[in-house]
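Engineer: Chains as they are written, first to last, in our numbering: chain G, 1 to 426; chain C, 1 to 315.
If you are wondering where the hints come from, they were derived from the structure by calculation, not from laboratory data.
We put the CB at the ideal spot given by N, CA and C, even for glycine.
One thing to keep in mind: the hints can contain errors.
To be verified - Only some residues are given here: those of chain C computed to face chain G with a beta carbon under 7 Å:
(1) Asp23
(2) Asp26
(3) Phe27
(4) Cys113
(5) Met126
(6) Ile177
(7) Ala185
(8) Leu186
(9) Gly187
(10) Asp267
To be verified - Calculated cross-link-like contacts (lysine-lysine; reagent style DSSO-like; alpha-carbon spacing at most 30 Å):
(11) G:Lys277 x C:Lys98
(12) G:Lys216 x C:Lys260
(13) C:Lys269 x G:Lys278
(14) C:Lys84 x G:Lys144
(15) G:Lys406 x C:Lys275
(16) G:Lys144 x C:Lys88
(17) G:Lys144 x C:Lys309
(18) C:Lys227 x G:Lys277
(19) G:Lys374 x G:Lys352
(20) G:Lys385 x G:Lys406
(21) C:Lys275 x G:Lys216
(22) C:Lys84 x G:Lys406
(23) G:Lys131 x C:Lys260
(24) C:Lys103 x G:Lys414
(25) C:Lys225 x G:Lys385
(26) C:Lys269 x G:Lys190
(27) C:Lys260 x G:Lys278
(28) G:Lys45 x C:Lys227
(29) C:Lys88 x G:Lys406
(30) C:Lys225 x G:Lys278
(31) C:Lys275 x G:Lys346
(32) G:Lys190 x C:Lys84
(33) C:Lys236 x G:Lys169
(34) G:Lys131 x C:Lys275
(35) C:Lys98 x G:Lys385
Next come the chains, spelled out residue by residue.
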Amino acid sequence: MFAPGYMTILDPFAPEAQDVVRSAPPLDSMPQEIVERAVNRVKWKSPKEMMVDANPSAIQNEILSFYLMCQGTAAVSYPYSREVRLVTDATRETIKYRMYELFKRGYEDLCLDVVGHSFKFVQLEHDGGVKLKNIEIPREDYFKLRDRRLAENGIEIVDDRALPQYVPKYAVRWTDLALLMRYRRVDLTKLYVVHGWVVITPRELWEIFANFIGVKTEEYIASLYERFSESGVPSKLLDSVGQRISALIPPEAELRERLRRVPIGKLRPEFFPPCVKKALGGVGTGVRNYAIAVLLTSFLSYARVSPSGKVATRMADFISDISIVHEEIAPLILEAAEHCNPPLFKDQPQEKANVYYHLGFGMTLEPRLEDSGKSKWYRTPNCSKIQISAPPLCEPDDFCRSRNIKNPLTYYYKRLAEQARPHTGD
Amino acid sequence: MQFRETTAEERKCFYLEEWNKKDLPDFILHTLSLREFGFDYGEGPSHRYNQFMTVEQLSDFLKNRAPCAAYASVALYEQPSMRKGWLKSELVFDVDAKDLPLKTCGCSGGAVCEKCLDEARQIAAMFAETLRSDLDLRNINFVYSGRGFHIRVNDDAVMTMEQTERTQIVEYVTGSIVPTDMTIALGYSQVFRDRIAKTFDRLNEQKLIEMGMRKALVEQLIIEKEKVIAMMRRGKLQDLQNFSGMGEKTFGQLVDYLMKLNSALTDGKVTIDTKRILRLPSSLHSGVSMKCVLVRDIEHFSIESAIPKFMREGK
């Protein structure tokens, strides 16, 4: 039978997995085997790579490599970046395959036990007809749902061994799918909902659960990004793992084709968070310096450059043309400063140099690319810091509240991602 | 029934003599201190960020100020007076008689009459049936708002849902998305078929011509309306597409038109707005001189129950 904790290979967010993480070795003494696994996870293709042996050591390696992969990704990129997409897609495919494989090997109960921790579900009964908790499911619907699933997978002829995957067998509560609805991974009008239950096939169960873990992975990386914004990236190991994962991103054109992603490039002010919009409109004394030199400077530069692939310490690692600073970032900051009451640079001209200092070019008024790295490129402060340092700037809108935003950049990336996401289920 | 504006004196009289805290529904009473209250003194609901710790405080306020309108948030907050610490929000649907896409009465502009109010009531009842039978929601309340009806769902499972989920619920309940398979007996397919059939039933010749349909086809559809509706209810849309003179393009236009009308049955913005304020049940709608009241039986709702004393007495 399986070792205790084997279920964590399906749900890395289960409490048992958290226990393993708590007893993990320090990052600087992480075994190389785990480090390699963390990087390689995103390119797994074969069953041998995706499956995990049922022994404690293999399970521990699996969990720690998952967390190392997420933390490395958060260290070198930003929420909804290409790296995050790569990691979440790979995680989703891995979980889906494992569910499939375990079902095939006859361990359906183990899978259902794991699913049961996140979704309330029941099995359909076959008692002279198909019943869902005493509700009769019309036979025609039952077969239409099966045929729809077969058609979606392009299958015309199916053998007896594969057929059960496509036959409605379970039902989950539609309200348990709220997170997947939020991320448009399922669409309510495409589900077969009867008395609050969504009738699904085993294959749909694997997909729903794998998508659920994928979305939780995405949210976990976003939370790490916010944590690193506050305290800095904790280790060179994470930087290295993140860089190696970043290097595995498929070429841009292919990726655009395959994945929906956040468009990088020109700033999109319509998606800026309320604090940044307020700062751009100019603010009064007391919060001027913070709004301009700290918030706007860091936010606009990170939002524009979207540093990915390595820990962002120098802007020059991510741009090859200083005109991005001169023509796209600085004018917005200078204009906002002019809108302040009184205009910030009129009575505090030294603050202009401070802007470039926070962008990492040292104390200068004429930044050049080669100056990048002379000072620290400041990260965008978290909302909690803004609330303390400049309370009038923080007036959360619906999006801040509903998405539990903790950093202005996360707001921007989430808005961009949601705008780019088509309004249909996967 | 006569709808007219309330005078300041009538408002004062209403809140002093008729308004009773017992008319507040339990779902408001039990969460009173967690809701944001808003008031209108004649310039729109601009007085917001109010919190009442007890129903007596609210009562004193209403009796003293006699506002043109009183509102409470659908959201519960840790700090309602700052609109901070969002906890959850009711799932609400606003079916406004004045905004119905197809009115069979002669009302125009912002006017309402008993006929279009009854149409709004039927739509609210239909939505609630879908919320119950398909989505298994149980804590469903109806409120007559003065110019229409509010459906207010207080099931915990939906109250924590955000805008995207609520958008999908509106699409489901109104039938404003084409289903993957129109012929499936239960689930969304059934909802969709029912909605387009009902909407088509209310279309007249003029609307179909405005849609861009040829006159000969329109006349034929109107003659065979019952047959067309039956096709829609049974999901035989292929038969409808083959209807003499219809064709694929016109059929697509008709379905799009019906979906558009379905989506206008309720104001989707209200449903997805998790910090919306809605008219407070028990308060007075001064625009029409009607009480905003909790409706215990939507099938047998009588507007009589919403008429304030001053209107009854013909003052």
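Engineer: Looking back at the hints listed earlier, which ones does the structure fail to meet?
Structural biologist: 1, 2, 3, 4, 5, 10, 11, 12, 14, 16, 17, 18, 23, 24, 25, 27, 28, 30, 31, 32, 34 and 35
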